[in-house]
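Quick mapping for you: the protein sequence lines, in order, are chains A and B.
Residue 61 in this note's numbering sits at position 61 of the first sequence, with consecutive numbering throughout.
Residue 1124 in this note's numbering sits at position 124 of the second sequence, with consecutive numbering throughout.
Mixed in with the good hints there might be a few duds.
Claimed, not checked - Below, a list of computed lysine-lysine pairs in the DSSO-like style, where the Cα atoms sit at most 30 Å apart: (1) A:K3 <-> A:K78; (2) B:K1178 <-> A:K162; (3) A:K11 <-> B:K1178; (4) A:K11 <-> A:K126; (5) A:K112 <-> A:K249; (6) A:K249 <-> A:K11.
Treat the hints as calculated values from the structure; they're not laboratory data.
Given next are the chains, with one letter for each unit.
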Amino acid sequence: MAKVLVVTSGKGGVGKTTSTAALGAALAQNGANVVVVDFDVGLRNLDLVMGAERRVVYDLINVVQGDAKLAQALIRDKRIENLSLLPASQTRDKDALTNEGVARVIGELREKFDWVICDSPAGIEKGAMLAMYHADVAVVVTNPEVSSVRDSDRIIGMLDSKTARAEKGERVEKHLLLTRYDPGRAARGEMLNVDDVLEILSIPLLGIIPESQEVLQASNIGSPVTLANPNGVAARAYFEAARRLGGEKIEVVVPMERKGFISRLFGRRVA
Amino acid sequence: MALVLAPELPLPTWLAALDAQIARAPTFFDGRPVVTDLGALPAGTPDVAGFLKSLEERGIRIIGTEGAHPSWSGIEAWGRPFPATNKPGRPMTIPDEAPKNTPAPAPVAAEASSLVLDEPVRSGQSVVFERGDVTILGSVASGAEVMAGGSIHIYGALRGRAIAGLAGNSKARIFCRKMQAELLAIDGVYQTADDMPAALVGRAVQAWLEGEQMKMTALD
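Turn these sequences into a full structure, and let the hints steer you where they fit.
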């Protein structure tokens, strides 16, 4: 049965779009039929991270408003054929999304795919609300710092009250994805550690993605990190997270880059 | 629930006032059981039974009478007289406008005097319970608030705001298992995180009022 997953956070810049692309690609690489949907209308980014920005013809708004058919707007990934993208519009704003239109599009996507992954815009306004409304599963992306954690807490409250499942008295399955985690800085008390964040948010941990150059490089070349650098430490963390989404029980460990003795000695970069 | 009509002398004037009321709200007495409180009528009032009949002609359904004098005849026809008591029906305000044709409200379960939540209160959420105590099995996040007419019990960390004794209850208290509150208030007396004793932060704490001062102590 198809699952609708929303990647959300409240706060901007924590890694929602990167994580959407990486998790979507990882699930597709494991054989599932996946579509990633960009709900960030007006500030579209997912097409860039997926490397599909030059192939966008129609977008989510066109489909929601009935100007284009879903099949016309879907962009199939060139590297993995069971991964598709439904891009957002850059020229319109979020008011162009309607409840009925989004419900219809999500319904159609459910019939075609195993996973429908919605990349939520930041904030708690209409775009974010619509992105989460139809979700069965939510991945809450959080950085280990207090403002991100508090915003995530706010979003978790909304997942429990403002979604279709909540209105029916059911629950949205919620997972925490801790991104940009630097074990060294957490150990020195410069950022919150994993236990602090879990204690505050009290939802299960899906994975810990380390702060890593690989993620940035992958975004810049327009490729999900799980495709660009599948053996890297960040990609492996995303692969494990994707398997946990599929129901596998794998212990979460704090990912460490394999460093030589010298690089460990000089691991503390000068800011 | 029955309405109580308490006729007063002179009866014609009272009837005229009643007619005016019925003209304003024609459906007011529809389907409502009515008890007449005749305690204000002196023993010598003539033809009380006829007066009650004239009420019935106005569509008022009398289920009983109260305060009837034993010398009056024909009263039994209007329902067995209730014994005269010192406590007649409570006065009731009669609406000036015709009540809307709303279905009778469903019987309400006895109102609970405490609220128990099994889940954490998330940032941005607000729990308001004016009738009594609030118990939370979980944490109250930074940016969340809990307000209660009575006391507040939090079996988790309190990182947001707790406001007890909303309706002027200075006996209300706040209990939490881990105190990291942004603000505590009891009956309008409040304290922000800055004013709280640093030694209590992170511990199980209770807060209460002594006069106009908030007191706090560790529970463990």
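30 Å Cα cutoff - pair K11 of chain A, K126 of chain A:
The hint holds at about 15 Å.
Against the 30 Å threshold, does the CA-CA distance of K249 of chain A and K11 of chain A hold or violate the hint?
holds, 29 Å
Verify the proposed pairing of K1178 of chain B with K162 of chain A, using a straight-line Cα cut of 30 Å.
The given pair, whose Cα atoms are some 29 Å apart, holds under the 30 Å limit.
Would the pair K11 of chain A and K1178 of chain B pass a check requiring their Cα atoms to be no farther apart than 30 Å?
holds, 27 Å
Holds or violated: K3 of chain A to K78 of chain A, with C-alpha atoms at most 30 Å apart:
Satisfied, since the Cα-Cα distance of roughly 23 Å is no more than 30 Å.
Does K112 of chain A pair with K249 of chain A here, judged by a C-alpha cut-off of 30 Å?
Answer holds: K112 of chain A to K249 of chain A is near 27 Å, not above 30 Å.
Comparing the model with each earlier hint shows no violations; every hint is respected.
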